[in-house]
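**Student:** Just need the whole structure built from these sequences, with the hints factored in.
Residue numbers (this note's numbering), protein chains in the order written: chain G, 1 to 385; chain D, 386 to 770.
Quick caveat, the hints were computed from the structure, so don't treat them as lab data. Bear in mind that the values here come from a model prediction, so they are computed numbers and not experimental data. A few of these clues could be false.
Below 35 Å or equal to it, Euclidean Cα-Cα: the simulated DSBU-like pairs (lysine-lysine) are [as the list claims (entries may be wrong)]:
no.: 1; chain 1: G; residue 1: 10; chain 2: D; residue 2: 536
no.: 2; chain 1: G; residue 1: 209; chain 2: D; residue 2: 536
no.: 3; chain 1: D; residue 1: 510; chain 2: G; residue 2: 125
no.: 4; chain 1: G; residue 1: 10; chain 2: D; residue 2: 594
no.: 5; chain 1: D; residue 1: 395; chain 2: G; residue 2: 259
no.: 6; chain 1: D; residue 1: 644; chain 2: G; residue 2: 10
no.: 7; chain 1: D; residue 1: 395; chain 2: G; residue 2: 209
no.: 8; chain 1: G; residue 1: 10; chain 2: D; residue 2: 510
no.: 9; chain 1: G; residue 1: 85; chain 2: G; residue 2: 259
Just a sample of chain D residues kept apart from chain G, beta carbon distances all over 12 Å, derived [claimed, not checked]:
no.: 10; residue: 423
no.: 11; residue: 438
no.: 12; residue: 474
no.: 13; residue: 483
no.: 14; residue: 504
no.: 15; residue: 545
no.: 16; residue: 560
no.: 17; residue: 575
no.: 18; residue: 577
no.: 19; residue: 607
no.: 20; residue: 611
no.: 21; residue: 622
no.: 22; residue: 666
no.: 23; residue: 676
no.: 24; residue: 710
By construction, the Cβ of each residue, glycine as well, lies at the ideal position given by its N, Cα and C atoms.
Protein chains: 2
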Amino acid sequence: MTEPRVVGLKSPEQAVPRPAPTGLEGDGTVHDAVRDLIATYHDLNPTTIDELHEEPSPLEFLRYVARNRPFVVRKGATSWASHKKWNAAYLSSIMGSIPVNVAITPHGNADSILHLSPTHALFVKPFETAIPFSTAQSHIQNQELDPAWSKHNATYYLQTQNDNLRGEYATLFADVPASISWARIALENDADAINFWLGNSGSTTALHKDNYENVYVQVLGQKHFVLLPPVEAPCVNERAVLAATYACGGSPESDVLQKEDMVANIDGAGEGEEEAYVPFATWDPDQPEEHATPFSRYSQPLRVTLEEGDMLYLPALWYHKVSQSCNAEGLCCAVNYWYDLDFTGGFWASSSFVRGVGLLEEQRWREAHEDTENGAKQVRESTWL
Amino acid sequence: MTEPRVVGLKSPEQAVPRPAPTGLEGDGTVHDAVRDLIATYHDLNPTTIDELHEEPSPLEFLRYVARNRPFVVRKGATSWASHKKWNAAYLSSIMGSIPVNVAITPHGNADSILHLSPTHALFVKPFETAIPFSTAQSHIQNQELDPAWSKHNATYYLQTQNDNLRGEYATLFADVPASISWARIALENDADAINFWLGNSGSTTALHKDNYENVYVQVLGQKHFVLLPPVEAPCVNERAVLAATYACGGSPESDVLQKEDMVANIDGAGEGEEEAYVPFATWDPDQPEEHATPFSRYSQPLRVTLEEGDMLYLPALWYHKVSQSCNAEGLCCAVNYWYDLDFTGGFWASSSFVRGVGLLEEQRWREAHEDTENGAKQVRESTWL
Chain G
1 MTEPRVVGLK
11 SPEQAVPRPA
21 PTGLEGDGTV
31 HDAVRDLIAT
41 YHDLNPTTID
51 ELHEEPSPLE
61 FLRYVARNRP
71 FVVRKGATSW
81 ASHKKWNAAY
91 LSSIMGSIPV
101 NVAITPHGNA
111 DSILHLSPTH
121 ALFVKPFETA
131 IPFSTAQSHI
141 QNQELDPAWS
151 KHNATYYLQT
161 QNDNLRGEYA
171 TLFADVPASI
181 SWARIALEND
191 ADAINFWLGN
201 SGSTTALHKD
211 NYENVYVQVL
221 GQKHFVLLPP
231 VEAPCVNERA
241 VLAATYACGG
251 SPESDVLQKE
261 DMVANIDGAG
271 EGEEEAYVPF
281 ATWDPDQPEE
291 HATPFSRYSQ
301 PLRVTLEEGD
311 MLYLPALWYH
321 KVSQSCNAEG
331 LCCAVNYWYD
341 LDFTGGFWAS
351 SSFVRGVGLL
361 EEQRWREAHE
371 DTENGAKQVR
381 ESTWL
Chain D
386 MTEPRVVGLK
396 SPEQAVPRPA
406 PTGLEGDGTV
416 HDAVRDLIAT
426 YHDLNPTTID
436 ELHEEPSPLE
446 FLRYVARNRP
456 FVVRKGATSW
466 ASHKKWNAAY
476 LSSIMGSIPV
486 NVAITPHGNA
496 DSILHLSPTH
506 ALFVKPFETA
516 IPFSTAQSHI
526 QNQELDPAWS
536 KHNATYYLQT
546 QNDNLRGEYA
556 TLFADVPASI
566 SWARIALEND
576 ADAINFWLGN
586 SGSTTALHKD
596 NYENVYVQVL
606 GQKHFVLLPP
616 VEAPCVNERA
626 VLAATYACGG
636 SPESDVLQKE
646 DMVANIDGAG
656 EGEEEAYVPF
666 ATWDPDQPEE
676 HATPFSRYSQ
686 PLRVTLEEGD
696 MLYLPALWYH
706 KVSQSCNAEG
716 LCCAVNYWYD
726 LDFTGGFWAS
736 SSFVRGVGLL
746 EEQRWREAHE
756 DTENGAKQVR
766 ESTWL
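**Tutor:** Below is the structure:
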């Protein structure tokens, strides 16, 4: 093809393509790109959670899934039998002596980071054992209502998350819908897991994310959620943390475990075994100055409290920290439905990319600040144990 | 709170958190992160486009929007009046002498990169003028059907993209639906622009992306789409390219512009003016070895041909290159509906992040290879004009 004549070119150099503008603030580095991602996300999205007052249609729900944005349906589950019937006496009458798996920790800190010093930490899983449901429920209530009881005793939490409402708690399953119709239709899937949770205000679920679309329904008491969108992965200071598991170190003959009898056993500490490191968020949005990354300051957590009968759509890959308040009987009870995350499209791949680039940039930043940090670390290390 | 005893710790050092595994292949660099993003996307998504045989419901459509994945509805628009009535005689009878904006280029290359040498390029916009519709249509047909005519004459294309079907072509608008109901309901929006396109096989639309959800309907002839998902931004070698505009340099008295009379005028070449640089993809998936980035090789373009009456959902931010084939009358005619992209949620912010990090990494890579490239460039520069 004949080239057309070019008119007005001042020099050949002028027609050499230049780098395209990245649109980034600052010096235009990867660091700037990560910061701008989080800032842009917040510029474009509300800092509050949408509140609905009736359940959405499948189409309305899917609009939230498409945006990966949470919402709460106030009083969306007040017609459920669970809302009308569940209380301490009813739960006990149905579940009675059925053995259930209970998670026991000294301070209500299952599956969470235990900071041994500013620079040393463990990821500690709970001591798990099976006891009759009524016993577990009574421990949970006593701890909440009786300061003398709770002073020395460990924290009990029923929180198996293995589809337990169709397993251990199957006799209670009739009191809730077998699926959430708008979620099932929109996502073209039945719930992958339906879980029953019973605990008290002593337990907190540490900041983490799940590969699930989550519909969370409060039955008794309140749950307090702190929510971070997936683009805030660079804020949470995910690190590989040495794994440990709580065990009963002292008086196993006692039927109530005491805090001081619990020890954190390092996993794989035995002869010929190898320790394990669990990737986990080490930053806590409620203590934002500690264990922060250079991006933590850009986090804008959403906070929402679920009252009895409220439903929350907690979108896949959102970080969430959950604490609880009890009803007058000393119980906090919830049910949640997990639906498989859709790994197709670009959402999963892009979220992994954000996490990966964030980790690389955090690591680069740490290494650039290593000299200073090492100085401080040596001082702290001498006093940590 | 009392710390529990820790059992099995071999040394304090063991409890210092490590960098979390990024999961990246290779050395774990930003370069690897970009490559893995593209590879992961393709691992999780089909390499073919979904084919439907009837129009989707709003919910079915929204599932595609949520995934940002295209589909084609074979024969989805065969009931439209446009499909039944439009042909050369009908279009002429309705539009006749109404003046319409026509884009004129020497080689059917409106809004595309003109490579002056391997290292020099312009982004050239078409010469635009208004002529009677019948004249434009007849030029388009002659060029397709009469080799003698097309040998010397320029290429004409009706492609205004400014909601022209409700403007210049309003008299034809009655022959198509005012909106696509499933898109309108799912997206909660009327079409932002509805466009009419009439051209021939001489015109190609260069690889680019739009900030719109696009429903594209073929009326006459065929369109051949090459589609790249937004995560492939690092493949397309977006650069800031010197802007120019075609003009008629020779015999303006002629009613048909000739190729050789067209010149590319550099924009802003006049006294006291400043040149402009347009960010644009410089890589062509049909010539993958040329102007490639280190990531272009990971591109897996989807290809689909629209036949008369077919509809395509072209998701927002997908790169697309479009070429055309004519019907027996020498015409290729289409209509498309643009719906606003939803900038909320994480999609827009994440796509911008991918683009930004990709550009930074491409630039870093170019600088690392600059010495070699400069050597080659000097040789080429001496011969480029």
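**Student:** Each hint: holds or not?
**Tutor:** Checked hints:
Of the pairs offered as hints, the one joining residue 10 (chain G) and residue 536 (chain D) holds, with about 32 Å between alpha carbons and a cut-off of 35 Å not exceeded. Proposed proximity of residue 209 (chain G) and residue 536 (chain D) is contradicted: the alpha carbons are some 63 Å apart, above 35 Å. Our distance criterion of 35 Å between C-alpha atoms is broken by residue 510 (chain D) and residue 125 (chain G), whose separation comes to about 63 Å. Annotation: proposed proximity of residue 10 (chain G) to residue 594 (chain D) holds, straight-line Cα distance about 30 Å (limit 35 Å).
Distance restraint check for residue 395 (chain D) and residue 259 (chain G): the Cα-Cα separation of roughly 24 Å lies within the 35 Å cut-off, and the hinted pair is therefore satisfied. Pair hint residue 644 (chain D) plus residue 10 (chain G) holds up; C-alpha atoms about 24 Å apart against a cutoff of 35 Å. Between the alpha carbons of residue 395 (chain D) and residue 209 (chain G) the distance comes to roughly 30 Å, so the proposed pair stays at or under 35 Å and holds. Between residue 10 (chain G) and residue 510 (chain D), the direct Cα distance comes to roughly 19 Å. Compliance with the 35 Å bound is thereby established for this hinted pair.
Under the criterion of a C-alpha separation no larger than 35 Å, the hint pairing residue 85 (chain G) with residue 259 (chain G) is consistent with the structure, at around 33 Å. The non-interface label for residue 423 (chain D) is inconsistent with chain G: the shortest C-beta to C-beta separation is roughly 8 Å, within 12 Å. Every CB of chain G lies more than 12 Å from the CB of residue 438 (chain D), the least distance being 19 Å, so the non-interface label holds. With a cut of 12 Å on Cβ distances, residue 474 (chain D) stays outside the contact zone with chain G, its closest approach being about 33 Å.
In this structure residue 483 (chain D) is separated from chain G by more than 12 Å, as the shortest Cβ-Cβ distance comes to about 30 Å. In this structure residue 504 (chain D) is not separated from chain G by more than 12 Å, as the shortest Cβ-Cβ distance comes to only about 6 Å. Every CB of chain G is more than 12 Å from the CB of residue 545 (chain D) (nearest about 23 Å), matching its label as outside the interface. Look at residue 560 (chain D): its CB is around 29 Å from the nearest CB on chain G, clear of 12 Å, so calling it non-interface holds up.
Distance check on residue 575 (chain D): its Cβ is at least 17 Å (rounded) from any Cβ of chain G, clearing the 12 Å threshold; non-interface status holds. Non-interface call for residue 577 (chain D) relative to chain G: holds, since the shortest CB-CB distance, roughly 18 Å, exceeds 12 Å. No beta-carbon of chain G comes within 12 Å of the beta-carbon of residue 607 (chain D); the shortest separation is about 23 Å. A cut-off of 12 Å between C-beta atoms confirms that residue 611 (chain D) is not in contact with chain G; the least separation is 18 Å.
The beta carbon of residue 622 (chain D) is not kept farther than 12 Å from every beta carbon of chain G, the shortest such distance being approximately 9 Å. Listed as a non-interface residue, residue 666 (chain D) fails to keep its Cβ farther than 12 Å from every Cβ of chain G; the least gap is roughly 9 Å. Under the 12 Å C-beta cut-off, the non-interface status given to residue 676 (chain D) relative to chain G is violated; the minimum distance is some 9 Å. Against chain G, the non-interface label of residue 710 (chain D) holds: every CB pair exceeds 12 Å, the least being about 20 Å.
The structure shown violates the earlier hints numbered 2, 3, 10, 14, 21, 22, 23.
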